[in-house]
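Quick mapping for you: the protein sequence lines, in order, are chains R and L.
Just so we're aligned, residue 48 is where the first sequence starts under this note's numbering, counting upward by one.
Just so we're aligned, residue 48 is where the second sequence starts under this note's numbering, counting upward by one.
Hint data in this document are derived by calculation from the structure and do not stem from the laboratory.
Among the hints, erroneous ones may be present.
If chains are identical, the list can't say which one is meant, so a pair holds when it fits in one copy or spans any two.
[What the hints assert, rightly or not] Keeping only pairs whose Cα atoms sit at most 27 Å apart, straight-line, the calculated DSS-like set for lysine-lysine is:
id, residue 1, residue 2
1, K66, K198
2, K165, K363
3, K181, K251
4, K110, K181
5, K233, K304
6, K196, K92
7, K354, K67
8, K51, K109
9, K181, K283
10, K238, K311
11, K198, K92
12, K251, K184
13, K181, K109
14, K157, K283
15, K184, K110
16, K157, K184
17, K109, K184
18, K66, K355
19, K283, K51
There are 2 protein chains.
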Amino acid sequence: MKNKTISSIGEFGLINIIKKQFSNSNSNNVIVGLGDDCFCFNPQKNNICITKDMLIEDIHFKKEWTTPQKLGEKAIEATISDIAAMGNVNPKYAFIGLGMPPTTSEIFVKNLSNGFKKACDRHNMTVAGGDTVKSDKIIISVTILGTSKHKLIKRSGAKPGDLIGVTNTFGDASAGLFLLRKYGIKHKYSKEELFLISKQNNPKARICESQKISNHLNSLTDASDGLYISIDLLTKESIKGANINMDKIPISSSLRKVHKEYKKALDFALFGGEDYELVFTVPEAKAKLLKKLVPKISYIGKINSSKKVKYFYNDKEQKIKYSGYKHF
Amino acid sequence: MKNKTISSIGEFGLINIIKKQFSNSNSNNVIVGLGDDCFCFNPQKNNICITKDMLIEDIHFKKEWTTPQKLGEKAIEATISDIAAMGNVNPKYAFIGLGMPPTTSEIFVKNLSNGFKKACDRHNMTVAGGDTVKSDKIIISVTILGTSKHKLIKRSGAKPGDLIGVTNTFGDASAGLFLLRKYGIKHKYSKEELFLISKQNNPKARICESQKISNHLNSLTDASDGLYISIDLLTKESIKGANINMDKIPISSSLRKVHKEYKKALDFALFGGEDYELVFTVPEAKAKLLKKLVPKISYIGKINSSKKVKYFYNDKEQKIKYSGYKHF
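Work out the full structure, taking the sequences as your base and the hints as a guide.
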């Protein structure tokens, strides 16, 4: 079977590949569906939450390190993570801007679109609009709109005495990226290394966890740029400080096996990005209840009114210097 | 004064340039403003309209052919045009994804952001969120959300007997681009040529016109890819046909002066893009009323039930072959 390129199927061929998978949105509050000048709907007394993310080839991903389907899934999950970071919100509609070289194969677009579909189905969402343009590198720009009738949880609500909680382990995704950078995708990896790579290529947004716990939280964000940055944002926006117990930061057994030097594993956990776990603060009295709702939660520190974040290891203060990803 | 680059001011420096201009959004239905994980608001019983557009350097614009401020304005206006194409809708919030080479100067970003601001102020909108990433070429991805309590006008509502109307002249923007491609920006242009270039670099969305007339319309779109494509979309989506009187297509006196050969001017009008005029259909009985509301309206043809679009010049049918922009 001949593999056609986008150049041969044209803009409308490209749009139709994606449209076909998402046209059956049978939501009864849609007024003007996918394919007109705008997508229009009635929010039925819900509040609206919107976020936008962009993935660019060779900056945020390399085609040869993943599959088009996983790339599509990740583009949606990474953006939804910001929706999870607002609390009990239902992601509803994705709007996808695609930049593609004309030489891109039709099958690549189909698989990418399958990935969008898989992630959307997981969260009961649909692609409701977008734009396709020519570009040198692949660009995936995703806007997601969610709706909510619940209290929305800002970064800025942390209170002195709040425990700082996280929903799962840190450092896996960036340790996976480290392996891909060093050895590429075709290397013979151990089971643990493959786990790290899967966390890099196939992250999942914590929508479900956020819906379960957010009602009890004082502040909330997601850790797309690493735990250190998330703690920094929560405390700065709340005009508070924190003591962090580094030995409480959850690290997966895979990451510990791959990086036996604990300090190295901890570096990935603190400064590595793309874990997409939730980072939140909660009054101490609610901490146990939350662990019942989401057993993988760990508490890693406590908010105070000092406006400084201090890191401790075995109760001894540690000097920490930021060494994470610089966006520019 | 030293001109800093994005690389030296970093991601947060870049975000702050834009945030500073838009943080004073005092709309009382905003729940979580610019700068948290999502932007959240209460739509207060309005319907929501969303559209997304993407501009890429050297594909959709060349830095040397325009100013950063005009580029910022155009990115917003071109996207708002899709909001105008839904009828009486208020554009409210813009979400901007920016891809930038690290060597981009801070002053460029400031001027670009001034352009966003200028267009937003014109339409009583604000930038409410976004994302900034590193890229080789400048990428401007704009999502715009509008709200409406009015009937939304689809492309698919055209009825036999409807007149086909347009809000102003066609072909100017693409004739301007033709000049820029041929002579660059520094050429000594005539007054008429400068008018065409200004229509290319500084288009305005027809929000106001749409709000005035849309209540009377059966179908509506905007002409971002040229008049020919817009007529094709309206008739196809409505499962109708049309007779078009080419001699009624409005062409500016500037375009006629620059391209004295009428056929050439008409080619720009039919196949050139980026005019961002509205193309609509309206029952004949309402045609005069609409011209009172928006005097620049012209009627260029009539819808019929044939499913074919025929073009006439001086009542003689013409064979028309599409020769416009191919996106891929």
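Taking the hints in turn, this is what the structure says about them:
In this assembly of identical chains, K66 and K198 lie within 27 Å of each other by CA distance solely across copies; the values are 25 Å between and 34 Å within a copy. Taking the closest pair of Cα atoms, K165 and K363 never come within 27 Å of each other, the shortest separation being 46 Å inside a single copy and 53 Å across copies. Taking identical chains as interchangeable, the C-alpha atoms of K181 and K251 lie at most 27 Å apart only when they sit on different chains, with a minimum of 24 Å there against 29 Å within one chain. In the homo-oligomer, the alpha carbons of K110 and K181 lie at most 27 Å apart both inside one protomer (17 Å) and across protomers (17 Å), since each shortest distance falls under that limit.
Taking identical chains as interchangeable, the C-alpha atoms of K233 and K304 lie at most 27 Å apart only when both belong to the same chain, with a minimum of 21 Å there against 62 Å between chains. Both within a single protomer and between protomers do K196 and K92 lie at most 27 Å apart by alpha-carbon distance, with minima of 8 Å and 13 Å respectively. In the homo-oligomer, the alpha carbons of K354 and K67 lie at most 27 Å apart only across protomers (23 Å), although the nearest pairing inside one protomer, at 52 Å, exceeds that limit. With identical chains, the CA atoms of K51 and K109 are at most 27 Å apart within one copy only, with a shortest distance of 22 Å there and 30 Å across copies.
For the homomeric pair K181 and K283, the shortest alpha-carbon distance between copies (25 Å) is at most 27 Å, but the shortest distance inside one copy (40 Å) is not. In the homo-oligomer, the alpha carbons of K238 and K311 lie at most 27 Å apart inside one protomer (19 Å), although the nearest pairing across protomers, at 66 Å, exceeds that limit. For the identical chains of this complex, K198 and K92 are neighbours both inside a copy (14 Å) and across copies (18 Å), given an alpha-carbon limit of 27 Å. When the C-alpha separation of K251 and K184 is checked against a cutoff of 27 Å, the pair qualifies only within one copy, where the shortest distance is 25 Å, while the shortest distance between copies is 30 Å.
Proximity of K181 and K109 under a CA criterion of 27 Å is satisfied in both settings, with 18 Å inside one chain copy and 15 Å between copies. Taking CA atoms no more than 27 Å apart as the test, K157 paired with K283 passes between copies only; the shortest distance there is 25 Å, against 43 Å inside one copy. In the homo-oligomer, the alpha carbons of K184 and K110 lie at most 27 Å apart both inside one protomer (10 Å) and across protomers (19 Å), since each shortest distance falls under that limit. Taking CA atoms no more than 27 Å apart as the test, K157 paired with K184 passes in both settings, with 17 Å inside one copy and 26 Å between copies.
Proximity of K109 to K184 under the C-alpha cut-off of 27 Å is found in both arrangements, the shortest distances being 10 Å within a copy and 17 Å between copies. Taking the shortest Cα distances, K66 and K355 sit within 27 Å of each other only across copies (25 Å), while inside one copy they are farther apart (50 Å). For a Cα distance limit of 27 Å, the shortest separation of K283 from K51 across copies, 26 Å, qualifies, whereas the shortest one inside one copy, 51 Å, does not.
In summary, the structure is inconsistent with hint 2 from the numbered list given earlier, while agreeing with all the others.
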